[in-house]
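Chains as they are written, first to last, in numbering that gives the first Met the number 0: chain U, 0 to 403; chain P, 0 to 403.
In short, the hints are calculated from the structure, not lab data.
Cβ coordinates follow ideal geometry from the N, Cα and C atoms, glycine included.
A portion of the hints provided could be inaccurate.
Cβ-Cβ distance ranges computed for the label pairs, FRET-style [said to hold, decoys possible]:
#1 P:E128 x U:R376: 27 to 37 Å
#2 P:E235 x U:E128: 40 to 50 Å
#3 U:P370 x P:D169: 55 to 65 Å
#4 U:G354 x P:R401: 28 to 38 Å
#5 P:R377 x U:A113: 35 to 45 Å
#6 U:A313 x P:R180: 53 to 63 Å
#7 P:E316 x U:A290: 18 to 28 Å
#8 P:S163 x U:E10: 16 to 26 Å
On the chain U side, residues computed to face chain P include the following (Cβ under 10 Å) [unchecked claim]:
#9 D19
#10 T20
#11 T269
#12 T284
Where chain U lies over chain P, by a calculated footprint (3+ residues, C-beta under 8 Å) [what the hints assert, rightly or not]:
#13 64-78
#14 284-290
#15 296-306
Number of protein chains: 2
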Amino acid sequence: MVRFDVLSQGEELVSGSTTDTNATWICAELRERGFTAGWITVVGDELDGIRDALAQAARRAPLVICTGGLGPTSDDLTTEAAASAFQLGTVERPDALAQIEARYRARNRAMPPANRKQAVLPIGATLLENHWGTAPGYWIDVGEPTSRLYFLPGVPSEMKKMFSHHVVPDLLARYSLPPRRTIVFRCVGLAESEAAQRMAGMDGPGVIVGYRAHLPEIHVKLHLDPGVEAEPLIAETQRRLAEYVFTIDGGPLAAVVGEKLASRGETVATAESCTAGRIAADLTTVPGASAWFIGGAVVYSNAEKVRQCGVDAAVIEEHGAVSEPVARSLAEGIRTRTGATWGLGVTGIAGPGGGTAEKPVGTVHMAVAGPNGTTHRRLHLPFDRARNLQMTTALALDMLRRQL
Amino acid sequence: MVRFDVLSQGEELVSGSTTDTNATWICAELRERGFTAGWITVVGDELDGIRDALAQAARRAPLVICTGGLGPTSDDLTTEAAASAFQLGTVERPDALAQIEARYRARNRAMPPANRKQAVLPIGATLLENHWGTAPGYWIDVGEPTSRLYFLPGVPSEMKKMFSHHVVPDLLARYSLPPRRTIVFRCVGLAESEAAQRMAGMDGPGVIVGYRAHLPEIHVKLHLDPGVEAEPLIAETQRRLAEYVFTIDGGPLAAVVGEKLASRGETVATAESCTAGRIAADLTTVPGASAWFIGGAVVYSNAEKVRQCGVDAAVIEEHGAVSEPVARSLAEGIRTRTGATWGLGVTGIAGPGGGTAEKPVGTVHMAVAGPNGTTHRRLHLPFDRARNLQMTTALALDMLRRQL
Numbered sequence: 000m001v002r003f004d005v006l007s008q009g010e011e012l013v014s015g016s017t018t019d020t021n022a023t024w025i026c027a028e029l030r031e032r033g034f035t036a037g038w039i040t041v042v043g044d045e046l047d048g049i050r051d052a053l054a055q056a057a058r059r060a061p062l063v064i065c066t067g068g069l070g071p072t073s074d075d076l077t078t079e080a081a082a083s084a085f086q087l088g089t090v091e092r093p094d095a096l097a098q099i100e101a102r103y104r105a106r107n108r109a110m111p112p113a114n115r116k117q118a119v120l121p122i123g124a125t126l127l128e129n130h131w132g133t134a135p136g137y138w139i140d141v142g143e144p145t146s147r148l149y150f151l152p153g154v155p156s157e158m159k160k161m162f163s164h165h166v167v168p169d170l171l172a173r174y175s176l177p178p179r180r181t182i183v184f185r186c187v188g189l190a191e192s193e194a195a196q197r198m199a200g201m202d203g204p205g206v207i208v209g210y211r212a213h214l215p216e217i218h219v220k221l222h223l224d225p226g227v228e229a230e231p232l233i234a235e236t237q238r239r240l241a242e243y244v245f246t247i248d249g250g251p252l253a254a255v256v257g258e259k260l261a262s263r264g265e266t267v268a269t270a271e272s273c274t275a276g277r278i279a280a281d282l283t284t285v286p287g288a289s290a291w292f293i294g295g296a297v298v299y300s301n302a303e304k305v306r307q308c309g310v311d312a313a314v315i316e317e318h319g320a321v322s323e324p325v326a327r328s329l330a331e332g333i334r335t336r337t338g339a340t341w342g343l344g345v346t347g348i349a350g351p352g353g354g355t356a357e358k359p360v361g362t363v364h365m366a367v368a369g370p371n372g373t374t375h376r377r378l379h380l381p382f383d384r385a386r387n388l389q390m391t392t393a394l395a396l397d398m399l400r401r402q403l
Numbered sequence: 000m001v002r003f004d005v006l007s008q009g010e011e012l013v014s015g016s017t018t019d020t021n022a023t024w025i026c027a028e029l030r031e032r033g034f035t036a037g038w039i040t041v042v043g044d045e046l047d048g049i050r051d052a053l054a055q056a057a058r059r060a061p062l063v064i065c066t067g068g069l070g071p072t073s074d075d076l077t078t079e080a081a082a083s084a085f086q087l088g089t090v091e092r093p094d095a096l097a098q099i100e101a102r103y104r105a106r107n108r109a110m111p112p113a114n115r116k117q118a119v120l121p122i123g124a125t126l127l128e129n130h131w132g133t134a135p136g137y138w139i140d141v142g143e144p145t146s147r148l149y150f151l152p153g154v155p156s157e158m159k160k161m162f163s164h165h166v167v168p169d170l171l172a173r174y175s176l177p178p179r180r181t182i183v184f185r186c187v188g189l190a191e192s193e194a195a196q197r198m199a200g201m202d203g204p205g206v207i208v209g210y211r212a213h214l215p216e217i218h219v220k221l222h223l224d225p226g227v228e229a230e231p232l233i234a235e236t237q238r239r240l241a242e243y244v245f246t247i248d249g250g251p252l253a254a255v256v257g258e259k260l261a262s263r264g265e266t267v268a269t270a271e272s273c274t275a276g277r278i279a280a281d282l283t284t285v286p287g288a289s290a291w292f293i294g295g296a297v298v299y300s301n302a303e304k305v306r307q308c309g310v311d312a313a314v315i316e317e318h319g320a321v322s323e324p325v326a327r328s329l330a331e332g333i334r335t336r337t338g339a340t341w342g343l344g345v346t347g348i349a350g351p352g353g354g355t356a357e358k359p360v361g362t363v364h365m366a367v368a369g370p371n372g373t374t375h376r377r378l379h380l381p382f383d384r385a386r387n388l389q390m391t392t393a394l395a396l397d398m399l400r401r402q403l
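Please put together the full structure from these sequences, using the hints given.
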């Protein structure tokens, strides 16, 4: 198990104007190849700060990926900081300079004097050519035990190409790592704490259980070392998480619903009051949704419930717009009018206003109308408006999924 | 200048499955209030790692914001790590326990035993109530010179509310920072680089211009030191950003549209093909939207365009579903059928499939039908499916806003 650290350098990352997506990408790439994630450190344009962060990362991990701070301007300080952290000194490298000049020549331009700085590397660095931008990358080995630090540009597109082109082959040659397997159980309708309770005791030698809230979904992950037999663990996890699992290693809920509909040659239409288009919008995040999604009605007002789905105004009067009969009527009405195989109807009180003692905020009625009749479900959600609507959307799709 | 560090905790952040957006948000919030960004450290679910990262951050900065690791599962280790880092010991806090139990009681559920763990805090911690989730937050003062560490949940929506509700007032009371004024110009339809070009030269003594991409919006901020006269700067910024500004210091685009409709006593209805409910969903993020939003149609299939909005099938045949006459017909049809003051119609090719040489991916036709007739706009968007739909939604709402 080789451990790695990531060091992201750039004032824009600590000033709050840019999110560090480089580190996430690097972590995913290395984890998939069997490396173990250590820390991510993000530092701004401070020479001392970068120096300290580099020294600490090299002490923590035998492999450090550094991005950013290799540009031509005065606030690009990474090379100077690296030379200082590891007492290496710097030198202008003819090979690096030739590469930068060639890049400008190819664009029929002269290299601006400022870019000469990018050819200055720590003494002893191994150059990594950048075919996608001006900043050369490099690696250095430092300390005892040795830590190898790779320095790559901060521009994400350049960094990714440099990583794939130079770093990955280098690591594969250097380490022979067994690939760890990760199996992802995507669940909906289950709280993270409940998932953890159900999975209690599943950890063991070579088996790590991880949880990730990806609201409204919860992902339960099995990380298995090589040699661990996966099938019994997958079956046991499936048994414990039961019907809350909507896919193993598959896509989001809307995509799973779409795949099921497509494979059955069926279609769905939606009639949404409180969710007001969120279910339709979620279904159409899936490319090619037109094969199984017909359309629907956003029936925010009572008049639209009557007009678009044929809900009986007297039923609304008697039971209220947020009620079982109205949800059923919405699902059945939209199914009949669109000719879809399945009709989904949702009505509820998302909040913050609109609640009563009898029907508090978070009360939702949903119904699925299909070839074998209509089913209904009532929810009591405890969240704020946005999360109530997000959860309602997911649980409505899940209600349909369970019937497919 | 008070320096702060951010510590983000979560295995998902170092494993590459989730990008740490919390740290970016916190950095922006604190920088705007005059604090100086130090490091961001991201650590996984390792007790020793979290402990070391906490100890180091507290040595580096007098203010540390920590997020994550406060949940009920075995991999939630932040409190244990904090107690260990600062030799504090832990205690189950009745006030914290009462808060968690009350949250479950409000949902007519018993607190799962696992959640009891969330009531265990470091000895001496000051509880920060969480009205938006189960994990209580807290702060502790440690070391000499003192560093104050705030511990907040990792779920971004909860973290942001906890930060705004508890941390900000606390910091304002603790530090007497010059009351810098910030004016936010929210824009849509303008790229960040174009906004920066338009604002060139507006920086000056006591005047900092900031940009935040908050897709599909761009926020341009004027940060003014005390004594700087605001009005001429506001007027000049408004002049430069012109009609792209939809509000100064106001809410999101949907809320601005809703306020304008409400003040005019008018209503809107939507007919959406490619956006498939996203415009309706966006409008109904605004509490109380039922006062001015009637509902609408999701007309994904051509048959639904005909059925729900009375689009002429021959027009679809002749011009295609993605065309100016169909967009106009959708807007006019939904306006007439719902009786709304305004009808919004959108049809387009979001991608990745469906494009042709004549109508490439990103082609969108949108129309607004109102008391004085119908206007039309054609877009050519260069993004992927999700961003094309997001941008279409915003530009459709903005098209309506400009007529109000």
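To see whether the hints hold, each was checked on the structure:
1. Between E128 (chain P) and R376 (chain U) the beta carbon distance is about 32 Å. The supplied range of 27 to 37 Å therefore holds.
2. Range check, E235 (chain P) to E128 (chain U): about 47 Å between beta-carbon atoms, so the 40 to 50 Å window is met.
3. Against the hinted window of 55 to 65 Å, the Cβ-Cβ separation of P370 (chain U) and D169 (chain P) comes to about 58 Å, which satisfies the hint.
4. The hint said 28 to 38 Å for the Cβ distance between G354 (chain U) and R401 (chain P), and at roughly 35 Å that hint holds.
5. Here the CB-CB span from R377 (chain P) to A113 (chain U) is close to 43 Å, well matched to the stated 35 to 45 Å.
6. The hinted window of 53 to 63 Å between A313 (chain U) and R180 (chain P) holds, with their beta carbons roughly 56 Å apart.
7. About 21 Å separates the C-beta atoms of E316 (chain P) and A290 (chain U), a value consistent with the hinted range of 18 to 28 Å.
8. Between S163 (chain P) and E10 (chain U) the beta carbons are some 25 Å apart, a value that agrees with the proposed interval 16 to 26 Å.
9. At about 7 Å, the closest approach between the beta carbon of D19 (chain U) and any beta carbon in chain P falls short of 10 Å, and the interface hint on this residue holds.
10. About 5 Å separates the beta-carbon of T20 (chain U) from the nearest beta-carbon of chain P, less than 10 Å, and the hint is met.
11. At about 7 Å, the closest approach between the beta carbon of T269 (chain U) and any beta carbon in chain P falls short of 10 Å, and the interface hint on this residue holds.
12. For T284 (chain U), the suggested interface contact is upheld, since its CB lies about 7 Å from the closest CB of chain P, less than 10 Å.
13. Look at the stretch 64-78 of chain P against chain U: 5 of its residues bring a Cβ nearer than 8 Å to a Cβ of that chain, three or more, so the hint holds.
14. For the stretch 284-290 of chain P, the stated coverage by chain U is satisfied: 5 residues place a CB nearer than 8 Å to a CB of that chain, which reaches the threshold of 3.
15. Taking a C-beta to C-beta cut-off of 8 Å, the stretch 296-306 of chain P contributes 8 residues in contact with chain U, enough for the three needed, and the coverage statement holds.
Comparing the model with each numbered hint stated earlier shows that all of them hold.
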